[in-house]
Amino acid sequence: MSQDQPPEALLPLTPAVFHILLALSTAERHGYGIMQEIAATTGNQMRIGPGTLYRSIKQLLSAGMITEANERPDPEMDDERRRYYRLTQHGRKVAQAEALRLARLVRAAEARRLLPGTSSEPGMDGTL
Amino acid sequence: MNATQTNGSRSSWALRFSVALYGRLLVMYPRSFRREYGTQMLQVFRDCSREAARTRGPVGLCRYWLVATSDLIVSALAEHRQEEMHMTRSRWISLGSLSAALGGGIAVLFATIQILMSIAQLLDEQSGIGLALFPAHLAFWAAPALWVLYILALVGLQAHGADQMRILGWVGITFAILGGVIAGLGNGVTSTVLYSQANSCVSLLDCNFYDPGGYMMMGYMVGLLGSALFAIGMVLYGIVALRRRFLAWGNWIPLVLGLTPLLLIAASVIAAIASGGTDYAGSQKIAIVLDTAALVPAIFWVLLGLAMRGNGHGQVVMPPTSPAPVEPIVS
Numbered sequence: 005m006s007q008d009q010p011p012e013a014l015l016p017l018t019p020a021v022f023h024i025l026l027a028l029s030t031a032e033r034h035g036y037g038i039m040q041e042i043a044a045t046t047g048n049q050m051r052i053g054p055g056t057l058y059r060s061i062k063q064l065l066s067a068g069m070i071t072e073a074n075e076r077p078d079p080e081m082d083d084e085r086r087r088y089y090r091l092t093q094h095g096r097k098v099a100q101a102e103a104l105r106l107a108r109l110v111r112a113a114e115a116r117r118l119l120p121g122t123s124s125e126p127g128m129d130g131t132l
Numbered sequence: 004m005n006a007t008q009t010n011g012s013r014s015s016w017a018l019r020f021s022v023a024l025y026g027r028l029l030v031m032y033p034r035s036f037r038r039e040y041g042t043q044m045l046q047v048f049r050d051c052s053r054e055a056a057r058t059r060g061p062v063g064l065c066r067y068w069l070v071a072t073s074d075l076i077v078s079a080l081a082e083h084r085q086e087e088m089h090m091t092r093s094r095w096i097s098l099g100s101l102s103a104a105l106g107g108g109i110a111v112l113f114a115t116i117q118i119l120m121s122i123a124q125l126l127d128e129q130s131g132i133g134l135a136l137f138p139a140h141l142a143f144w145a146a147p148a149l150w151v152l153y154i155l156a157l158v159g160l161q162a163h164g165a166d167q168m169r170i171l172g173w174v175g176i177t178f179a180i181l182g183g184v185i186a187g188l189g190n191g192v193t194s195t196v197l198y199s200q201a202n203s204c205v206s207l208l209d210c211n212f213y214d215p216g217g218y219m220m221m222g223y224m225v226g227l228l229g230s231a232l233f234a235i236g237m238v239l240y241g242i243v244a245l246r247r248r249f250l251a252w253g254n255w256i257p258l259v260l261g262l263t264p265l266l267l268i269a270a271s272v273i274a275a276i277a278s279g280g281t282d283y284a285g286s287q288k289i290a291i292v293l294d295t296a297a298l299v300p301a302i303f304w305v306l307l308g309l310a311m312r313g314n315g316h317g318q319v320v321m322p323p324t325s326p327a328p329v330e331p332i333v334s
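Each protein sequence line maps, in turn, to chains A and B.
Heads up: the first sequence begins at 5 in this note's numbering, then just goes up one per residue.
Heads up: the second sequence begins at 4 in this note's numbering, then just goes up one per residue.
Quick caveat, the hints were computed from the structure, so don't treat them as lab data.
A few of these clues could be false.
To be verified - These stretches of chain B come out as covered by chain A in the derived footprint (C-beta under 8 Å, 3 or more residues): (1) 46–56; (2) 218–229; (3) 296–303.
To be verified - In silico negatives: residues of chain B with every beta carbon more than 10 Å from chain A: (4) GLY191; (5) GLN200; (6) LEU232; (7) ILE242; (8) ALA284.
For each residue, glycine too, the CB sits at the ideal point set by N, CA and C.
This is chain B alone, in the form it adopts within the complex:
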């Protein structure tokens, strides 16, 4: 056996060993990534190390190993981090989507029942006020619980657009979440007072509450402040969503959802103006107006929940701008 043959066989052995070792080291990548790209990576490594060994011999192979090892460590860590982040985000998006659809669905149900009850009583006064008040109680009680679901939905929405939101989007969604928390607390206080004294109502708009501490009014005002913050936040976020389009469809929904409190305010103003000296039928008509105004945002929450599911059931599309290690080599 001459020297060239010996060198060739050594080089071939080193190459085979290198490929086998690199194949073992691929275990450092997450399983899903390895399953998808492991064979391809091994093939590329084989081609590159063969080329390095052919052109520069064992030194070239060693140099390539340095490049490949640093690449392996950095990219495996980055892939693990990304996968973990992806999983966490996917879970939040799924939870947010479900919360929006569930919260919106419950609100749609309550609002619809109340509208139907009001219509029924408008047509027949003797249909029974107690029956009409039942869903109203439920709605009052459910309002803070709905805000909990809506806040979860907003967190999911934040996770959905986290890559592309920019500063205005972050400010918007933070305002919206903060507004949701404040509105939930305010509504909680109001609901507690209302629910504990609901028997004092003779009709939906004719109640004699005992509230010397003014808790109900305070809760109402805090709720209004929260709703206003939520509205401002959602409008800001909605503008960014329209520009950046990070939902698969319905990027207009957050903006419209942010504008719906205006509808509620308008309905409340109409109710306040019309309620003075109104008769029984009039109060039912006002109730229908208020419940219809409440039905609209509920529908948009459901739509938002569906839109958040749009990107492949909560799958996150990572932008290509996330850091990928690159090794510039000056030869």
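Here chain A stands alone, though its shape is the one from the complex:
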């Protein structure tokens, strides 16, 4: 089963899946809350639709990376039909492994002067 697998075996994650894991790494959230967090994290650069969101949630649930939270942050303030999700220990490890993989990629890009501010070529360092 996926939960028995080492986190590295599940990489790379799709952007949607990684963003959902990131959103749940700080708090339990419902679907719309996850979308808001993704929008805030990416500065509205990335938006996922309800279909993609719940397909990814379904896959994450079956892989044991997230689970439905039994308790609501504040039942009186919230629509009781909403389902809250939280990151599992396995999900956290997978997210960490993916973050590490991406960090290595960024370092490789830096070493090849592909990031703005690291290139000697005109126009590649963020200035014209």
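Knowing the structure of chain A, use the given hints to seat chain B on it.
Coordinates of chain B only, in the frame set by chain A:
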């Protein structure tokens, strides 16, 4: 009624219409997915479209519809494809699991009967050779049929680990299936010759076969080649299974199953060395050694069948790496 109120009521009507329409469009998803997540998706759509309409008015709502529609089409198609694949894979896994358990079970039964018969005759020579040969005939006849079941089991095993096998796993399982087919054909030829002339046997290891064409030897050699291919394939697959752990338990079983032909080879060598000039009791002892060597892989086939059922009765756990559509929007 002033202009603000009119705009507000239009916007509210558009929002209600949008939500109702999106609710209808959810029918594009598979029923099980809709039942599980339909309400949640509709709620998210309502929240998002309300937010879009609040911040950017009708234009924002239209823009959100573009995002939601493309997401709906792409994700509904992907979900249908995944569900279909999931169902097909689940069926193959169930069939494979059943085949492994059934094939292994039959082999265990035959091997056990033969061991008991040999022991009985070892204790009492007069117990009747014809009775002892009966299960032997059945076993010979059943060998190719067992390979058919084992091949189905291997296909199920392939479906089980399809997401995580990597190239070595694919090579391994392909070798194992190919080996199974070749061994089944070889055993089929040998069994046909043996079964048609079984009456020429005076004991399990003392038969006078008429085989001028050398079909029996050819079938035996082809069977050996198939078994060797199967063994190599299962060892390769077994190594990957141990590393990737795609069975709920018993990920060591494929590797051990791949190594069991070594046991059979060892038993055959012992039989070949010991059979020259041996007496009746000696031949029974050799038969016991051979049947015990055949019993071991049969037990592991049964265990493999049970292990394949381990993930919730053939349910496939899809990894989170399967493609999910994402729409990057540059504002």
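The hints, checked one at a time:
Coverage of the region 46–56 of chain B by chain A holds in this model, with 5 residues showing a Cβ closer than 8 Å to a Cβ of that chain against a need of three. Counting residues of the region 218–229 of chain B whose C-beta lies closer than 8 Å to any C-beta of chain A gives 0; at least three are required, and the coverage claim is violated. Proximity of the region 296–303 of chain B to chain A, defined as three or more residues with a beta carbon under 8 Å from a beta carbon of that chain, is not established by the 0 residues found. No Cβ of chain A approaches the Cβ of GLY191/B within 10 Å, the least distance being about 38 Å, so the stated non-interface status holds.
For GLN200/B, the non-interface assignment is confirmed: its Cβ lies about 50 Å from the closest Cβ of chain A, beyond the 10 Å cut-off. With a least beta-carbon separation of about 28 Å from chain A, LEU232/B lies farther than 10 Å from that chain, consistent with its non-interface assignment. Listed as outside the interface, ILE242/B is consistent with that label: its C-beta sits roughly 15 Å from the nearest C-beta of chain A, beyond the 10 Å cut-off. Under the 10 Å C-beta cut-off, the non-interface status given to ALA284/B relative to chain A holds; the minimum distance is some 50 Å.
The structure shown violates the earlier hints numbered 2 and 3.
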